[in-house]
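Residue numbers (the working numbering), protein chains in the order written: chain A, 136 to 542; chain B, 136 to 542.
What the hints contain is simulated information worked out from the structure, not anything from laboratory work. Note that the Cβ used here is the ideal one computed from N, Cα and C, for glycine as well. Possibly wrong hints are sitting among the right ones.
What the hints assert, rightly or not - Just a few of them, taken from the derived set where beta-carbon distance is under 8 angstroms, the chain A residues facing chain B:
1. G364
2. L446
3. V493
Said to hold, decoys possible - Here are a few chain A residues that face chain B, going by a calculated C-beta distance under 7 angstroms:
4. R193
5. I259
6. S430
7. T463
8. G490
There are 2 protein chains.
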Amino acid sequence: MNKYPEIGITELSGGALAPEGFVAGAAACGIREEGRLDLGLLLSERPAVAAAVFTCNRVKGAPVVVSREAVGRGRVRAVVANSGNANAATGRRGLEDARAMQRLAARELGLRPEEVAVASTGVIGERLPMERVEAGIRRAAAGLGRDGSGFAAAILTTDTRIKQAAVRVEVEGAEFTVGGTAKGSGMIHPNMGTMLAFLTTDAALEGETLRGALSRAVDRTFNRITVDGDTSPSDMALLIANGAAGGGVLRPGSPGHAAFEEALEEVARRLAREIARDGEGATKLLEVVVEGAPSEEDAARLARSVAGSNLVKAAVAGEDANWGRVLTALGYSGAGFDPEGVEIHFGPVLVFAGGEPVEHDISAANAALGGEEVGIRIRLSGGSAAAAAWGCDLTSRYVEINGSYRT
Amino acid sequence: MNKYPEIGITELSGGALAPEGFVAGAAACGIREEGRLDLGLLLSERPAVAAAVFTCNRVKGAPVVVSREAVGRGRVRAVVANSGNANAATGRRGLEDARAMQRLAARELGLRPEEVAVASTGVIGERLPMERVEAGIRRAAAGLGRDGSGFAAAILTTDTRIKQAAVRVEVEGAEFTVGGTAKGSGMIHPNMGTMLAFLTTDAALEGETLRGALSRAVDRTFNRITVDGDTSPSDMALLIANGAAGGGVLRPGSPGHAAFEEALEEVARRLAREIARDGEGATKLLEVVVEGAPSEEDAARLARSVAGSNLVKAAVAGEDANWGRVLTALGYSGAGFDPEGVEIHFGPVLVFAGGEPVEHDISAANAALGGEEVGIRIRLSGGSAAAAAWGCDLTSRYVEINGSYRT
């Protein structure tokens, strides 16, 4: 997988626990159906620095409010997270519950409350069952260890599988690991965060450096995926750096810092793709690449518009290489471009160029939509910037899941 | 239906032909499946003034380009329209075809080409079968008459029924009629126009007055509906005023002008609601009303965000009063508001207020989603402006229709 041979990036298993000095635990405490893991703890065993980005939705879940305060103090080294209940739109009492969750986790982990971030995902508008949450925190803390798969499972909602990624970096003067775990599925159209992503590293970085790196990585990864265009009130991407790898502080301008940014983006991109692939009801990962744009921002806006079009997504589900819908979605993206200079490819098949359809083998174009990963590539004539966005197909299953989510 | 007792508005049948001095014809010429009406002509028997709004999509179908030029000259009095083929993304030859369609219709109707607007709707990216189009124009012209139902049928694509509306206005010093016909179904998220809407009046108005009235009416009606968030390259709303009612010119500031604007908005709103109701796969019309906003623009943005949310629409299909999704869609609309000041009603049932869920009978709230017309009302604490938006439910049928549209 090494896209950066000059840096030396190696893929690892272990997700958020791949870096040194992190442990995690999980419990099934009955917030969701009997027996399903629904509460998790993630902890850096040593003091750490953290950065986070949160949803831009005006409506923010109570955990977002509490975690933002904690991360603002810069010393977060643990997360308590639950699925099955988002603790959003729950008013003052919901905020008290989120703070109680933070305090309970801090007590079990021997930390101050402001060292703990809180995350909740699931149904909106119901109070958390706090007795169960308390029991779950106690059990998860008792089982802390170096296996992160329980934590990765405890944060899932309608996701069908856990999402983990990690890479090890060796670069002159620095060796460190970046890892992460995430959940997605529905209400996925992140704007400055994603449903939930927890990223870790054993590199040493200062707060401001960490914030810059996270912001850039999120903008190119989690902010480029869409499942249904609905931006959740619970979106959160948190990055904890604990320096356990033993190297010096990675400062901007150093090779170690550049490698860190590459590695962080790589881990975030893998998690983002897994979220898109596992969108509610999805059977295919859709990757839309736009090249030849005047700016990366324009390219990203165009790519995201195509990846988010209900009509494109339904056509991908039906394995119909309907390029008219791709062109239309480019046209309403809000980004400027010359329609005469657009080329559209489904997989290897060029279907549109110079303002007109290109004669092509329709069954070959449809076949390019046949696999579990579908690529649509668009070349513009406006510059040299490029960007990718990721989505999934729109199936009847999405409609079924969301017609009866609460019942 | 009289919402304006001081004006005297009466509902009429007859759609775009209800006003005096308009005739229409239609033909089945084989652009679509055998035997289905697919080409229509609409004509003012006397010279007229026209105004139009067109799609904001950067990609514009050839008919949009040709019609914009014609309307720019201010003398359009006829429309030639076909379904089954959008003549969009067809390059220079597509533009030549649209101009040929305009010339052929002008010849049959005894007009100059610039007096004819052209509209095409259907599959994107295929050349029009011009021999069939020519034969269809000849047959439609031969059958021109005072029954507009053939024209209303000839412009439909996946629509399940024709869409017509008309009202007669009596106000001091003026009597006139406003009518219209439209088509919608999929790729409906209008921005400055709608899929296709043809509005007529026998009132006399000058071009600038007409343009202002159309722009205001479209902004409050067609620009407030959404089926799937996809803005088509073929959107067009055209208004022709022929003065056949015999009254004087309606100038801004006169009671007749005010009544005309009300009547135009009423006709456009009815057509817009019918388009939303007949969205692809839809079983329900969804009306979202936002009140208490600082401006009508904010209220409209919030209402449209809720009406366009895939998750809200899937919940409406499932008759699940999932207010958390409504609140979430308000939150990502881009409009500012205080979440603590939001009240959400499903039909008569208040479900959320003061930042917290309100105890309510869930089965009564779900029952409010049971009919063919569903109302969600949102009260904000930010001002006194209000707006409505219209959408439909998201069903598996939408996915099926659009997974196999071309095949």
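Here is how each hint holds up against the structure:
1. Hint status for A:G364: holds, given a least beta-carbon distance of 6 angstroms to chain B, under 8 angstroms.
2. Among the interface hints, the one on A:L446 holds; its C-beta lies about 5 angstroms from the nearest C-beta in chain B, closer than the 8 angstroms criterion.
3. This hint is violated: A:V493 has a C-beta 10 angstroms from the nearest C-beta of chain B, more than the 8 angstroms allowed.
4. Taking 7 angstroms as the C-beta contact cut-off toward chain B, the hint placing A:R193 at the interface holds, the least distance being around 4 angstroms.
5. The criterion of a C-beta within 7 angstroms of any C-beta in chain B is met by A:I259, whose closest approach is roughly 3 angstroms, and the hint holds.
6. Given hint, A:S430 at the interface with chain B, is violated; its Cβ is 16 angstroms from that chain's nearest Cβ, farther than 7 angstroms.
7. Among the interface hints, the one on A:T463 holds; its C-beta lies about 6 angstroms from the nearest C-beta in chain B, closer than the 7 angstroms criterion.
8. Annotation: interface hint on A:G490 holds; nearest CB of chain B at approximately 4 angstroms, less than 7 angstroms.
Against the hints set out earlier in the document, violations occur for numbers 3, 6.
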